[in-house]
Amino acid sequence: CTDSLTCRRICPLPCSGLLPSGLALSSGMKILYRFISFAFLLRLGYLLSLRNLSRHSAYAPFSDVINTPLLGASITQMNVSLPILVMGMPKTGTTTISHFFECPGRYNVSHFFCRPGKMAESKCGVRVKDNIDKGRSPLQGIENFDVYAQLDAWALRKNKKIDYKCYLPQVEALEQIHAHYPKATLLLNTRRVENWIRSLDSYNGGRMRNQMESCDIPGLPAGIGIQDSDLKTFYLDHIERIRAFARAHPSHSFLEVDIESSDAGMMMEDAFGIDHSCWGHKNKSDKQ
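Heads up: the sequence shown at position 121 corresponds to 121 in the numbering used here, and the numbers run straight through without jumps.
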């Protein structure tokens with residue numbers, strides 16, 4: 001350092017030529033001071049480079065990532081607000097996600113059922129639709145959970161009290177969810193669309209796909225879905241719809257994770273502070 005102002009800003013110790021009057025240093029001490037100052041400057045440069053990198057990398061804060069067209073990157077320790085709502089389609093790792101959040105014992109997690117028992121009325125989607133139809137908040141009566149790993153409801157055709165075959169709040173009730181839970185954390189779980197369709201075909205003898213074809217879901221009318229191309233369009237459109245919804249409603253923390261990615265566990269750890277060892281592929285045999 002040769003300038004006193006610069007010296008005061010960046011030097012951790014007195015700089016050569018600017019020592020207090022009357023203070024003399026041995027040659028060894030001067031060398032030590034210069035070495036420490038040099039090491040400090042190297043460290044400062046490294047930290048500044050990290051700061052600049054974080055503004056453009058996959059690990060940028062949510063406020064930066066959400067405004068970019070490419071979501072799905074890891075978000076370092078999100079500002080997680082409850083509830084955490086899973087926005088992906090069925091057969092995209094919802095069981096794995098539920099086990100992940102249950103693993104540390106920190107969260108109360110629901111998966112498909114939000115009330116005791118295995119009856120249709122116990123399914124989360126049925127409770128949500130009943131609440132919305134009656135003008136109530138979507139999670140009224142089932143608000144005891146922190147994480148809702150699968151909100152949709154299926155296999156309702158045999159229940160005479162229910163006049164619909166399935167219900168997907170992540171497709172049909174986004175605005176109601178936002179109105180009542182404007183700071184809820186949204187988790188969009190994805191996988192390769194070809195693998196998703198294959199999972200629909202193999203799960204429970206293909207009954208899941210049959211339900212997708214007959215349910216009359218917005219974006220997938222009844223009778224549509226026999227062709228793989230129909231399901232592919234519906235699936236990819238849903239992903240884009242959730243991304244757009246998150247961009248339009250920045251009060252929500254948002255993470256998109258490809259469940260088939262080798263980095264999925266670390267992404268979830270970064271975002272939620274749960275060790276990645278809690279992440280593991282469940283339902284490998286496609287049995288739920």
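Any given hint might turn out to be false.
[Claimed, not checked] Calculated lysine-lysine pairs in the DSS-like style (CA-CA distance at most 30 Å, straight line):
#, residue 1, residue 2
1, K165, K134
2, K232, K134
3, K183, K134
4, K160, K183
5, K118, K165
6, K134, K118
7, K161, K118
8, K161, K183
9, K118, K160
[Stated by the list, open to error] FRET-style restraints, in silico, Cβ to Cβ:
#, residue 1, residue 2, range
10, I36, E194, 20 to 30 Å
11, I36, L82, 28 to 38 Å
12, R106, G223, 40 to 50 Å
13, Q227, P104, 15 to 25 Å
14, R34, D146, 28 to 38 Å
15, I31, R192, 51 to 61 Å
Hints are computed from structural coordinates only; laboratory data are not their basis.
Glycine residues also receive a C-beta, built at the ideal position from the N, C-alpha and C atoms.
Structure-based check of each hint:
1. The suggested pairing of K165 with K134 holds, with an alpha-carbon distance near 19 Å, which does not exceed 30 Å.
2. As the CA atoms of K232 and K134 are separated by approximately 33 Å, the hinted pair breaks the 30 Å bound.
3. For the given pair, K183 sits about 23 Å from K134 by alpha-carbon distance, which is consistent with the 30 Å threshold.
4. A C-alpha spacing of about 36 Å is found between K160 and K183, which places the hinted pair above 30 Å, so the restraint is violated.
5. Restraint check: the Cα-Cα separation between K118 and K165 comes to about 16 Å, which is no more than 30 Å; the hinted pair holds.
6. The hinted pair formed by K134 and K118 meets the criterion: a straight-line CA distance of about 23 Å does not exceed 30 Å.
7. Distance restraint check for K161 and K118: the Cα-Cα separation of roughly 15 Å lies within the 30 Å cut-off, and the hinted pair is therefore satisfied.
8. Among the hinted pairs, K161 with K183 is inconsistent with the structure: their alpha-carbon atoms are about 33 Å apart, more than 30 Å.
9. Between K118 and K160 the CA atoms are separated by roughly 16 Å; this keeps the pair inside 30 Å, and the hint holds.
10. In this structure the hint that I36 and E194 lie 20 to 30 Å apart at CB is violated, the actual value being about 58 Å.
11. Range check, I36 to L82: Cβ separation about 47 Å, and the 28 to 38 Å hint is violated.
12. At roughly 44 Å, the beta carbons of R106 and G223 sit within the given window of 40 to 50 Å.
13. Evaluation of the 15 to 25 Å hint for Q227 and P104 yields a failure: the beta carbon distance comes to about 43 Å.
14. The given range of 28 to 38 Å is broken by R34 and D146, whose C-beta atoms sit roughly 55 Å from each other.
15. Evaluation of the 51 to 61 Å hint for I31 and R192 yields a pass: the beta carbon distance comes to about 59 Å.
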